[in-house]
Each structure stands twice: as structure tokens, then as C-alpha cells.
Amino acid sequence: MHYTFDIERGNFADAGQASSSVKRTLKQLGVAPANIRRAVVALFEAEINAVAHAYGGTIDVDIDGSKIVMVVADQGPGIPDLDAAMQEGWSTASAKVREMGYGAGMGLPNIKKNTDDLKIDTKVGVGTTVTMTIYLA
Amino acid sequence: MAYTEPAFKHSLKINDYLCQGCTTCMRSCPTGAIRIRNGKAHVNDNKCVDCGECMKVCPHKAIYIKQDDFALIENYRYRVCLVPTTFIGQFEQKYKTKAIYACLKRIGFTHIYEVEHEVEYIVELYNKYIDQHPEINTFISPYCPAVIRLIQVRFPSLVDNIIKVRAPSELAALIMSNRLIDEGASPESIGIFYVTPCAAKIAAVKYPVSHKDTRIAGVINMDFLYNKVKLMLRDSDNDAEPVNHSLSTKDVLWPLPGGEASLFNGSHYAVDGLQNVLNFLERLEDEAVDAQGLVEMRICDQGCVGGVLAINNRFVARKRLEDRARLFDDPSRNTSRYTRYNNPEFCKWIDEQMEIPEIKPRSIYKLDDDFQEAFKMAERMKKIEKALPGVNCSACGAPSCAALAEDIVRGDANINSCIFLNRHSPDSEEIIRSIWGDHVKTRKTDNEKNNQ
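Quick mapping for you: the protein sequence lines, in order, are chains A and B.
In this text, residue positions in the first sequence follow this note's numbering: the first is 2, and each later residue adds one.
In this text, residue positions in the second sequence follow this note's numbering: the first is 1480, and each later residue adds one.
In short, the hints are calculated from the structure, not lab data.
We treat Cβ as the ideally placed atom computed from N, Cα and C, and that holds for glycine.
Subject to a maximum C-alpha distance of 20 Å in a straight line, what follows is the list of computed SDA-like cross-link-like pairs (lysine to any residue):
{"no.": "1", "chain 1": "B", "residue 1": "Lys1492", "chain 2": "B", "residue 2": "Tyr1686"}
{"no.": "2", "chain 1": "B", "residue 1": "Lys1862", "chain 2": "A", "residue 2": "Asp63"}
{"no.": "3", "chain 1": "B", "residue 1": "Lys1545", "chain 2": "B", "residue 2": "Cys1498"}
{"no.": "4", "chain 1": "B", "residue 1": "Lys1865", "chain 2": "A", "residue 2": "Gln18"}
{"no.": "5", "chain 1": "B", "residue 1": "Lys1845", "chain 2": "A", "residue 2": "Tyr136"}
{"no.": "6", "chain 1": "B", "residue 1": "Lys1839", "chain 2": "A", "residue 2": "Asn36"}
{"no.": "7", "chain 1": "B", "residue 1": "Lys1861", "chain 2": "A", "residue 2": "Val70"}
{"no.": "8", "chain 1": "B", "residue 1": "Lys1861", "chain 2": "A", "residue 2": "Ser67"}
{"no.": "9", "chain 1": "B", "residue 1": "Lys1535", "chain 2": "B", "residue 2": "Asn1523"}
{"no.": "10", "chain 1": "B", "residue 1": "Lys1862", "chain 2": "A", "residue 2": "Thr5"}
{"no.": "11", "chain 1": "B", "residue 1": "Lys1839", "chain 2": "A", "residue 2": "Ala35"}
Label pairs and their computed distance ranges (CB to CB):
{"no.": "12", "chain 1": "B", "residue 1": "His1690", "chain 2": "A", "residue 2": "Thr59", "range": "46 to 56 Å"}
{"no.": "13", "chain 1": "B", "residue 1": "Asn1758", "chain 2": "A", "residue 2": "Thr59", "range": "22 to 32 Å"}
{"no.": "14", "chain 1": "B", "residue 1": "Ser1815", "chain 2": "A", "residue 2": "Glu100", "range": "48 to 58 Å"}
{"no.": "15", "chain 1": "A", "residue 1": "Glu100", "chain 2": "B", "residue 2": "Ile1894", "range": "46 to 56 Å"}
Just chain A, with the same shape it has in the complex (with noise of 0.2 Å):
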């Protein structure tokens, strides 16, 4: 099954439209809350990054009957030091970002905790792709 949305930079109040509906289909099947958990936080936390770094993006998920890959692509800054971005608490978000709530370095950190695989394809200048695949049964 595929689901494709779209990414709007700096619309934070409509992120997590892409997880709420993941997490339905997720339901659907019976999958393990934990199990949905993860994939809800992980695409949550990847869609939160699009829209706080990204100029825009999409998010494109894939459920087959043993795994739910998720990629979130972006056209963007990209990420100049992917070693120190998976570090907890380094973050390069806005002071207007931070104040909202987020931009507190927990995101890449965050999607590893709860992904199975990640792939994170990063060219400044262009753009981020990550890939996080989730193990269902």
C-alpha cells in the first residue's frame, strides 16, 4: 500500500497529517501499539524537520506484509555535519523555531531510536532524504 502527502514549510499547526493517517492503517492491520508507536513518532519527528529546515518536501510511505517504509524527501538547506546532527541536542533550528517548542536536537537522534534501518541521503544545498524502514511482525 502506498500513501504520498506533501510538505509545507513552516506549517507546523497541519504537520502530522501523514502520521495520523499512517497510524490508522497501521491500526487496520492489527500491528502492534508499540510497533505503531515508532512508526508514528519516527515519521512525525522526520516530517517536523521538512518543515522546520525544508523549503518543502514529500512524504511517501509503503506498507507491504512484513515492513512500512517511510521516506521524507526534502528540497533544502541539506545538513553540512550529518555525524553531529545524530548527536542529542545539537541543532542548527531558528531562535523563532526553538521558541515554538522544537529545534531541540532531539530529531535525527529521535528517528534512529525508533526505526529499524535509516538512510539519510544529505546534499547541502539541495536537499535531505531520509529513509526509515520499521519491522512489523
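Following the hints, complete the assembly by docking chain B onto the known chain A.
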């Protein structure tokens, strides 16, 4: 079908004579429990959470709440009216609380006992539970039974966040029956009748989530009792026996939003109203809010004064209850608690009685117990949803196109039920009649009439 055993039983009923099949209730139901068949609303017992939203919106007064026969109280020598303070909030302040209670006695009760007498101990039980579960961050109050059921069916991953303590009405019934037994009453001679502002609390007494026995002998709908009292009430009634209150102002305010939270000393949230509760639970489930401490949740807007059986406008009732509450906290009031609370053995027994052993998740979303089968069904559902017009007209007897798609894959409906897709089919008239019954005009019924 994944679920066949009826997990829940309910007190909400539909009067088929009054029901017009107008879809208003179906569209407002938060769990999608209602369908129209043969022109009447039908409730799926496994999905209904007794929130009462359908009854609030029904324009034909076709939904009602079954209550116990009032004459039942005659079977007991000690007839206790277990009344929440929501009840006195229904009356204008010119009627003294003692006058209201005098009317209840004239109707036939021997004792009046407010549920809120025990809320202080309920909060102590919350605190004990919270201390025993350091692994949990967010504790959801178990007070509103509709919230418990809503979590079971729509947010099953949150069942472990509910504090497993039974309702204050159960504790009040336990304490009151013990008090009477202390005074020499035999257990069989005590009949405790709980006055309820909503459908969910009746269901919680009759079909408790704890599966434990109750000391409540019967349930009386608040509107029924209000009418009886209102007819007898005189504002000049000053001769009434004074009420020996031991309630504090905070106790009296318990049924209002923030009522539980105000007695709780830790970090707390107070959420009321169906949509707010749904949003908050959704965010909690996604871990999008980090709510530490106690989350009080009431499914009715303005808390229990917004209950479907409360009589007055909820904002008026709230104001009246707040005004009346200020009269409590009387320095001369008897603040001593039930003496046996000093006995550790008794408290241990009470704690056991008040415990809910387990709250089971009962997801209404799961399509099948087998993952591969559920996967096939979900795929089919997505395809069907795409084929449907997406206008959510409800003419198929389901609340939305998505709901119809789900009904179809579950085998409960047919794609032909969609009148958009089916408008040119020769069977369309039959199908429309099977959903809407005979009160829908179709070409066939017109022809039959003309032939007569």
C-alpha cells in the same frame, strides 16, 4: 468478522417509532458505531462508548436512556439516594440545598449521600497508583467512564495510562453501606440508588469495566428525579431538616472541569468536551505532547453538568454550582471522615475493592486477527474508497465513504449501497428501500400506489 462477542452493553436505546433515520446521530458518533438500516438508526454495541453525543444531537428525541424502575426503592428499608453535586447545580440558588434534600426524602428516600464525600480518598488512591507506577509518565483519570471506553476502542495503546481505580460513586456506596451496617442495618435492607447525569455512568454501574460487584442497587436518571423534585419545591421551605454537610467547596466542584485536578497536588491537565478529548488522546498517542502527571478527561463539555441527563444549560448549571459551592466550607461543618478510614485493615480492604484489575484494549480498527488477511482487506478498502464519490452524503446508511468502504470489506454492506455509483442500475430502488425503508419515495412505491 473479527469480533462476534458483544464486549460492551449499553443503556442507550433507540425508539424505532420516533426515529426518522435522519443520519444526524450517525454523523456525530465519535466511534462510527451507528448505521441506518430499514430507515432506522442501529447501534453497534462493540463500538458504542456511551458518550451520549447521539442523544444530544437527535432532533426527534428518539434516543433515550433506560433506567431502573423507581418503585424498586420500596424493596428496601434503608433507601439511600446517592447523588452527585451536579444535581443541586441544576436548581436556582433561592432553593436551599436542605429544601432540595427534603423533597428527596418526601419522594421516599431515607438517606441522602453526596458522591463527592469520598473524592478526597479517590485522589489518595490516584496518588498511590501513581507512586506504584514510576514507569508511566502520563496518567489518565478513570473518572469519566465514556473516556475509558473510548480509549479501549480508539486508542488501545493508551489503556495502560488509565489509573486503575473505580469511580467515586462505587466508593461512596461502599462507605455508605458500611456506615449503615455500623448503625445496625442488615446488608439486605440497604438499597443504594445512584442518580446519574449521563449514559456512561449507568453503563459503568451495570456493566463495570472492573467486572466487580457493585453496592449500587439501582440507577435513576437525573432528569426524572429533577422533575419530581421541581414540582414539590417551594423557595419558602425553611423548615427542612438541616443538612449535615462535611463537603468542602472543592469537593462540591468535583463534577466541573478541573474538579479532580484541583484536589491533585502534582502536575495536571483538565480536558473537557468530546473533540478536545479526541484531539488530546490523539496527540498523546503520537507522543506529540509530553503530558506529565494527571490528565483529567471529561467527554462532556463543561464536565458532568454537560451530561445528557442534566436538565439545565451547562453554563447556567456550572455558574449555579460554583455559587452554591461557596456556601459549603462552613467552619462549623463536620470535617471528620468516616471513622473506619483510621483502620489500616479497612483501608486495605477498600483499596482492593476499588481496584480495576485490567482494562482490555478492544480496537475497533483492526480488520482481522490475521495480519496477511487484514493487509488484503486494507488494500481492498483503499481501492473501494477511491471508487466512491467522497461526498460523505450518508445515503448508503454509513456515516462516510470511508466507513462504507470498511463495511464492504467486512462483509456488512455492498458497493451497490452507494446511490451515486448505483443510480442507473435496475436494482437501485430495492437497495435504497433496504437502507431507508418504506418512508422513502421511490418510483416503485409510486407505481404501486397508482395501481391500487
